[in-house]
Amino acid sequence: MAKKPQLAADTRPWRDPAAKPFVRIRNVTKKFGDVAAVDDLSLDIYKGELFCLLGGSGSGKSTLLRMLAGFEVPTSGSIEIDGQDMSNVAPYNRPINMMFQSYALFPHMTVWNNIAYGLKRDHMPKAEIAARVDELLKLVKLDAYGERKPHQLSGGQRQRVALARALAKRPKLLLLDEPLGALDKKLREETQFELVKIQETLGVTFIVVTHDQEEAMSLATRIGVMNQGEIAMVGEPTEIYEFPNSRFVANFIGSANMVEGVVTEDEPDHVRINSAELGTDIYVDHGVDCSPEQILWWAIRPEKMVLTRDRPAAQPGIPDGANIVKGYVEDIAYLGDMTVYQVRLENGRYIRVTKTNALRGDPNAISWDEPVWVSWDGHSGSVLTN
Amino acid sequence: MGRNRWFLPLAASVGFLFLYAPILSLVIFSFNANRLVTVWSGFSTQAYADLWADPQLLPATWLSLQIAAVSATIALVLGTLCAVALVRFRRFRGKTVLQATVSAPLVMPDVITGIALLLLFVTMQSLIGWPQGRGVLTIILAHSTFCTAYVTVVVQSRLADFDMSLEEAAMDLGASPVRVFFDITLPIIAPALVSGWLLAFTLSLDDLVIASFVSGPGSSTLPMIIFSKVRLGVAPEVNALATIIIGVVASGVVLATIYGLRQSAREKQA
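Note that the protein sequences, when read in sequence, are chains A and B.
Numbering-wise (the numbering used here), the first sequence opens with residue 31 and increments by one.
Numbering-wise (the numbering used here), the second sequence opens with residue 101 and increments by one.
Keep in mind that the hints are not guaranteed to be accurate.
Stated by the list, open to error - With beta-carbon atoms standing in for the labels, derived distance ranges:
(1) 125/A with 263/B: 19 to 29 Å
(2) 257/B with 123/A: 30 to 40 Å
(3) 184/A with 364/B: 12 to 22 Å
No wet-lab data here; the hints were simulated from the structure.
Every residue, glycine too, gets a C-beta built ideally from N, C-alpha and C.
Work the whole structure out from these sequences, hints included.
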């Protein structure tokens, strides 16, 4: 593993065991009837984080967010924010604001009044409200739109009004429910960076719920992958993608080729797995917590495999016959920036390999029905034991 | 396409004629000098003078307007509560029954409703002594009862479209539930409340059958008076009264339309 460059001051409090979490979710369960939407979930989130809760529909991520906002009451467990227990605090008394998926802009109020609404409820002096609202309108680049009604705005503008309104009270914690879900792809990419910039400028802690992994990857300091009401894995985007802790996470994030295998050699510095499914041996160049004869799974990302016409020379350290397999190109999907190859192995199984299109209109590119060799490094895949 | 050049205007004219010819003839005959309504003998405003002097028509109009306003207001409150219960509370015992019974008066013939209410009022009087006799009070009770059904249907459909996250957003920004209701919910469902009230007002003002059953001496509503007068031949002062009502309603509609057009023009401009 390449050592990550250390910053002078580490801005990642979750790596510091002494750091005090800002949001502390402890053993929270939420049941609707007999169904547990959130099941005994514990999670710590630190000040200044942009934390993404990522999961499919029905994974419980929105329920968790609504419990943080106070719209749902946990069946059991506790939620602490900034050291204060939130169990008996009504939604309108929490130091939290939320940006809704539907934006929930008040249709009968102007943009200006929408943003000012929360400040008026706090009985802030009029002059201060005006100053704050104008400042926020500038922040979201809608200075000229204060007098419009929500229905006179485009989707992107509405999204920014919703963000400004949620930020108006300078909450310690901002909850965002699918903040970019309703925008088209181009706008979403632009807004992503704006959102991160605003979050960094204001230093507010963000918790974002999303089902879009690309969004989570590009926004988050850390991601919590949710599955069936539980947190499947918490980690930085690179950890989640490169070192998934389970078959679910490996499959859910990005795409992965996953095969079953049996451990044949279990040494402190390497592991050898025989996979009938792949039709070859897998050599892993680091120790894994497993035992001989154990059945486990091995996953590899399509871009971490190399596709060649000729059999590549054996790599130093990798025993002959391992980490290489023969196949035929059955299908090709050209995506512009890269090409996805569907390769049929000799045992009939398909694997996916992607290749970056670095060369413009490469005339020598591998084509349909060509026999090919697929190979990979000793540290390219992840060994998964659960 | 060529066919449309004459077909559409013709269809529109026939339609308008069909709808407005009766009203137009009524307006014209209200200015008739002849006591016989159907025989035109010259222009006169005599009918309007007669109307002013009539001992029954104007008081009955005033009574009907009062009954309509009170009944519509009671129906608005009850109907809105009903609608809120039906839309907002997800499941409760008797929800289906409430839904069905609330909309039953919409399809119930007025005669049946009238008899049923009359029987109820008579029984109630003999059992608990209230309401005493029949009169304005029983008409108001009867009208609020069947108007509640209409208000419920109107408000219910508006509430069903209501985005709950609007209320949550207001609460999230620090508004207490009461504030949320007055700041957010009420302004957004206001159009439905207004149209529900107007519908109830119109239905009450219009009702002859139910009122005939539950009214008592000295509490004849306008439709009852007109109906009894017409049985003796159409009186010119009824035409005059109808013309005045049409005038009031028409100018109200025109003003509302102008206001609406201005409003949307202003919104487009902004």
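Hint check results:
| no. | hint | verdict |
| --- | --- | --- |
| 1 | 125/A with 263/B: 19 to 29 Å | 25 Å, holds |
| 2 | 257/B with 123/A: 30 to 40 Å | 34 Å, holds |
| 3 | 184/A with 364/B: 12 to 22 Å | 19 Å, holds |
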